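Trainee: Make the full structure from the sequences, and use the hints.
Residues per chain, in single letters:
6 protein chains.
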Amino acid sequence: MVSFQELSQQSPQSSEASRFERGLSKLKEIDGAAGDRVIESLQQIAPDLGRYIIEFPFGDIYSRPGLDLKSREIATIAALTALGNAHPQLKVHIHGALNVGCSREEVIEVLMQMAVYAGFPAALNGIAAAGEVFAERDKEKIVETRESETL
Amino acid sequence: MVSFQELSQQSPQSSEASRFERGLSKLKEIDGAAGDRVIESLQQIAPDLGRYIIEFPFGDIYSRPGLDLKSREIATIAALTALGNAHPQLKVHIHGALNVGCSREEVIEVLMQMAVYAGFPAALNGIAAAGEVFAERDKEKIVETRESETL
Amino acid sequence: MVSFQELSQQSPQSSEASRFERGLSKLKEIDGAAGDRVIESLQQIAPDLGRYIIEFPFGDIYSRPGLDLKSREIATIAALTALGNAHPQLKVHIHGALNVGCSREEVIEVLMQMAVYAGFPAALNGIAAAGEVFAERDKEKIVETRESETL
Amino acid sequence: MVSFQELSQQSPQSSEASRFERGLSKLKEIDGAAGDRVIESLQQIAPDLGRYIIEFPFGDIYSRPGLDLKSREIATIAALTALGNAHPQLKVHIHGALNVGCSREEVIEVLMQMAVYAGFPAALNGIAAAGEVFAERDKEKIVETRESETL
Amino acid sequence: MVSFQELSQQSPQSSEASRFERGLSKLKEIDGAAGDRVIESLQQIAPDLGRYIIEFPFGDIYSRPGLDLKSREIATIAALTALGNAHPQLKVHIHGALNVGCSREEVIEVLMQMAVYAGFPAALNGIAAAGEVFAERDKEKIVETRESETL
Amino acid sequence: MVSFQELSQQSPQSSEASRFERGLSKLKEIDGAAGDRVIESLQQIAPDLGRYIIEFPFGDIYSRPGLDLKSREIATIAALTALGNAHPQLKVHIHGALNVGCSREEVIEVLMQMAVYAGFPAALNGIAAAGEVFAERDKEKIVETRESETL
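Residue numbers (the numbering used here), protein chains in the order written: chain H, 1 to 151; chain V, 1 to 151; chain Z, 1 to 151; chain X, 1 to 151; chain F, 1 to 151; chain E, 1 to 151.
Be aware that a few hints might be false.
Treat identical chains as interchangeable: a pair holds within one or across any two.
Said to hold, decoys possible - In silico DSSO-like cross-links for lysine-lysine, where the CA-CA straight-line distance does not exceed 27 Å: (1) Lys-91 <-> Lys-70; (2) Lys-26 <-> Lys-70; (3) Lys-91 <-> Lys-26; (4) Lys-26 <-> Lys-141; (5) Lys-139 <-> Lys-26.
To be clear, the hints were calculated from the coordinates, so they are not data collected in a lab. In this text, all values refer to a predicted model and were calculated from it rather than measured experimentally.
Mentor: Now the structure itself:
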C-alpha cells in the first residue's frame with residue numbers, strides 16, 4: 001500500500017514560493033521573451049493558468065534532474081508535431097530547443113522523423129513552423145550553436 | 001507587462017504540504033478506492049507522477065471554486081470519450097461522476113452527445129466503458145443518485 | 001435479441017418535419033445568429049449537411065431530456081478543446097454556453113481543466129478562443145449571467 | 001439568406017419510420033450479423049444510440065446516392081485507421097468493405113496507404129485488425145470477390 | 001521465419017533512380033502544380049523531406065497496383081478530414097481527387113460521411129476546404145469529370 | 001524553381017538493395033528481436049509494409065546523420081506517448097531507447113513530461129507501457145546503461 005505520508009515528503013521543493021520562482025527562472029532559460037508573452041497573454045482572462053504553467057511544467061517538470069534540457073525540448077517538439085494541433089506552442093518550443101543547445105539541423109531531423117510516426121502532413125506542418133522560427137531568428141540575428149559543434 | 005511578483009501571490013495555497021493534502025482529500029472524494037489504485041500503481045516506477053497527479057489535477061484544478069464537481073466530471077468524461085485513447089481513465093472518471101452526484105442517465109447522455117463531436121465510434125467505446133462501470137457498481141451494490149432526483 | 005420493431009417505436013418524435021423544426025428551434029436557442037451562419041455557409045456546396053446538423057445534433061441530441069443544456073455545452077466545449085482541431089466550432093459553442101446560462105468564469109474553468117486531460121497547449125488554445133468570444137460579446141454588449149449568480 | 005422552409009423540404013425521406021427502415025436495411029447489407037451485434041450490445045444501457053446509428057449513418061448517409069458503397073467503405077476504413085482509436089469499429093467496417101465488393105488486396109492497400117498520412121503505427125494496427133477479420137472469414141468460409149476481378 | 005533475402009527481392013523497383021522518377025511522374029499526375037509547390041517549399045530547410053515525399057508516398061505507395069488512384073484519393077481525403085490537423089494537405093488532395101477522376105459531388109459525399117466517424121466539426125472543416133478548392137478551380141477554369149458521368 | 005534532377009542526386013544511397021540492407025542493420029541495432037517479430041507478423045498479409053518499414057524509417061530516417069540514435073528514440077517515445085494509440089509500437093521503442101543507451105530514468109522522464117503536452121492519461125498509459133517493458137527486460141536479465149552513467 002502507498003504511504004501517502006512518505007509520498008508527500010518525497011518532494012524536493014521546500015515551498016510553494018520557491019516552486020514558482022524555480023519555474024519562472026526555468027521558463028526564462030528555455031523560452032526567453034516568448035515565454036513572457038504567453039504568460040502575459042493570459043493575464044486578462046485566465047491568470048491562474050499562467051501561474052500553473054510556471055509552476056507545473058517549468059517549476060516541476062523541466063526543473064527535474066534525470067534528463068537534460070536539450071533532450072526535453074526534443075521530446076516536446078516531437079510530441080507537438082505529432083499531435084499537430086498546437087502550432088503556436090510548437091514555435092515557442094522550436095525557439096526553446098535552439099535556446100538550450102539544439103542545432104537547426106537537429107530540430108529538422110526530429111520534425112522529419114515525425115513523418116514515420118504521425119504521417120507526412122504532420123511533418124510538413126512542423127517544417128513550416130520551423131521555417132517561420134528560423135526566419136524570426138535570422139531577422140533578430142540570434143546566434144546559435146553551429147551544426148558542426150553538435151555532431 | 002506581467003507583474004510576476006503579483007502573479008506569485010495570487011495563489012490561494014499557503015504551502016506545498018497543504019496542496020498535497022488538499023489534493024489527496026479531493027482525490028478520495030471523487031475517485032474513492034480507484035484513485036488510490038492509480039497512485040499505488042505508480043509507486044514502483046514513477047512515484048513522482050503519482051505525487052503530481054495529487055497536487056496538480058486534484059490539489060490545484062479540482063479544488064478550485066468556480067465550477068461544481070458534477071460539472072467538472074461531465075467535462076472530463078466528455079474530453080476522455082472524445083480523445084478516445086484513455087479507456088482506464090475514462091472508467092475511473094465515470095465512477096467519479098457517479099460518486100459526485102451525476103446519475104447514470106446523465107453520464108449516458110454525455111457519452112451519446114460525443115457522437116456529434118468525435119464520431120459514433122468514440123461514443124460507442126464510451127458507452128462500453130460505462131457498461132463496465134455500471135456492472136462493477138451493481139456487483140458492489142453502490143447506491144447512487146436516482147435519475148428522477150437529478151432531472 | 002433486439003426487437004427492431006420496438007426500437008423503431010421508441011422514438012419520441014412523431015415525424016421527420018417536426019424533427020427538423022425542433023432542431024431549428026434548439027439551434028436558435030443555443031447558438032443564435034452564429035448557428036444561422038453555419039447553416040448558411042453550407043448552402044452553396046453541402047446544403048444537406050446543414051439539414052443534418054439541424055436534425056441530428058439539435059433535433060435529436062440537444063432536444064433530449066436527461067441532461068440540461070448548460071451541462072451539454074460544458075461537455076461540448078470540453079470535447080472541442082481536447083480535440084483541438086475545431087477552433088471555429090469551439091467559438092460557436094463558447095457563445096452557446098454563455099447563451100444558455102454558463103458564466104464566463106465557468107467557461108474558463110472548463111478550458112483550464114483540459115490542461116489535465118489534453119495538455120497545456122490544448123488549454124491555451126481554448127483560452128485564446130474564449131478571449132475572442134468575450135471580446136465579440138463585449139463589443140455587441142451582450143448581457144450574460146453574472147458569475148456570482150451561478151456559484 | 002437560408003430559406004429554412006426550403007431546406008426542410010429537400011429531404012428525400014418521406015417519414016421517420018421509413019428512415020429507420022431504410023437504415024436497418026442498409027446496415028444489414030453492409031455489416032451483416034456484425035451490425036446486429038452492435039445494436040444489440042446497446043440495448044441494455046443506450047438503446048437510443050442504437051436507433052440513431054441505424055437512422056443517421058445508415059438511413060441518412062450510407063443511403064445517399066452520389067457515392068457507391070465500395071467507395072464509402074474505403075473512406076471509412078481509411079478514417080478509422082488514421083484515427084487509430086476505434087479497433088472494434090474498424091473490424092466491423094473491414095468486414096463491411098469485403099461484403100460490398102472490395103477485395104482483400106484493396107483493403108490492405110488502403111491500410112498501407114495510411115502509413116503516409118497517419119504514420120506507420122496506425123497502418124500496422126490497421127493491418128493487425130485486417131488479419132483478425134480475414135481469419136474470422138476464413139473460419140466461416142465466407143466467399144468474397146476475388147482479387148483479379150477488381151483490378 | 002522471415003527470409004529477409006526474399007523480402008528484399010520482392011521489390012518491383014529496379015533502382016533508386018527509377019523510384020524517384022516514378023514518384024515524380026505520379027506526383028505530377030495527381031497533384032499537378034500544387035505538388036511542385038510543396039516540394040519547392042521544402043528546398044530551403046528540408047530538401048530531403050521533399051525527396052522522401054516523391055520517393056515513398058508517390059514512388060512506392062501511389063504507384064502500386066491493387067487500388068485505383070480514384071479510390072486512393074478517396075482514402076486520403078477521408079483520413080485527412082478525420083485527423084483534422086492538415087488543412088493545406090487536405091486541399092492539395094481535394095485537387096488531386098478531382099484531377100484523377102472524382103466528381104465534386106463524390107468529394108462532398110466523402111467529407112460529409114466523416115461526420116459519422118470523426119464528428120460534425122471535422123466534416124464542416126473539410127467542407128470549408130472543399131469550398132476553397134472549388135473556388136480556386138472555378139477561377140482557373142479547370143474542366144472536371146461531370147457528376148453524371150461518375151454515377 | 002526546384003531542380004528535380006539535382007534533388008534526385010542528393011541521395012547518399014547508391015542503390016535500392018543497399019537501402020534495404022542498411023535499414024535491416026539499423027532495425028536490428030535499435031529493436032533487436034522485437035523488430036524481427038514486427039516484420040514477421042506482416043509476412044502473411046502485408047509483406048510489402050514490412051519491406052517499407054525496413055527501407056523508409058530505418059534505411060532512410062534512422063540512418064541519417066544529424067541526430068544521434070538516443071535522441072531519435074526520445075523523440076519517438078514522446079510522439080507515440082502523446083498520440084496514445086500505438087501501445088505495441090511504444091513498447092518496441094521503449095526497448096529501442098534502452099538498447100541504444102537511454103537509461104530507464106531517462107525514459108520515465110520523457111513519459112512523465114508528456115503529461116504537460118498530451119495530458120495525464122497519455123502519460124499514465126506511457127508509464128504502464130514502460131512498466132511492462134522493464135518487467136520483460138528484468139525477466140530476460142538484459143543489462144542496460146546504469147542511470148548514473150547518463151546523468
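Trainee: Evaluate Lys-26 and Lys-70 at a C-alpha cut-off of 27 Å and name the case that applies: within, between, both or neither.
Mentor: Both ways: Lys-26 and Lys-70 sit 13 Å apart in one copy and 24 Å across, limit 27 Å.
Trainee: Which holds for Lys-91 with Lys-26 at a C-alpha limit of 27 Å: within a copy, between copies, both or neither?
Mentor: within (18 Å within a copy, 31 Å between copies)
Trainee: Quick one: Lys-26 to Lys-141, C-alpha cut-off 27 Å, is that within a copy, between copies, both, or neither?
Mentor: within (23 Å within a copy, 38 Å between copies)
Trainee: Quick one: Lys-139 to Lys-26, C-alpha cut-off 27 Å, is that within a copy, between copies, both, or neither?
Mentor: Within one copy, since 25 Å is at most 27 Å while 38 Å is not.
Trainee: Checking an output row: Lys-91 and Lys-70, CA cutoff 27 Å. Within, between, both or neither?
Mentor: both (16 Å within a copy, 23 Å between copies)
Going down the numbered hints, you'll see the structure goes against none, and every one checks out.
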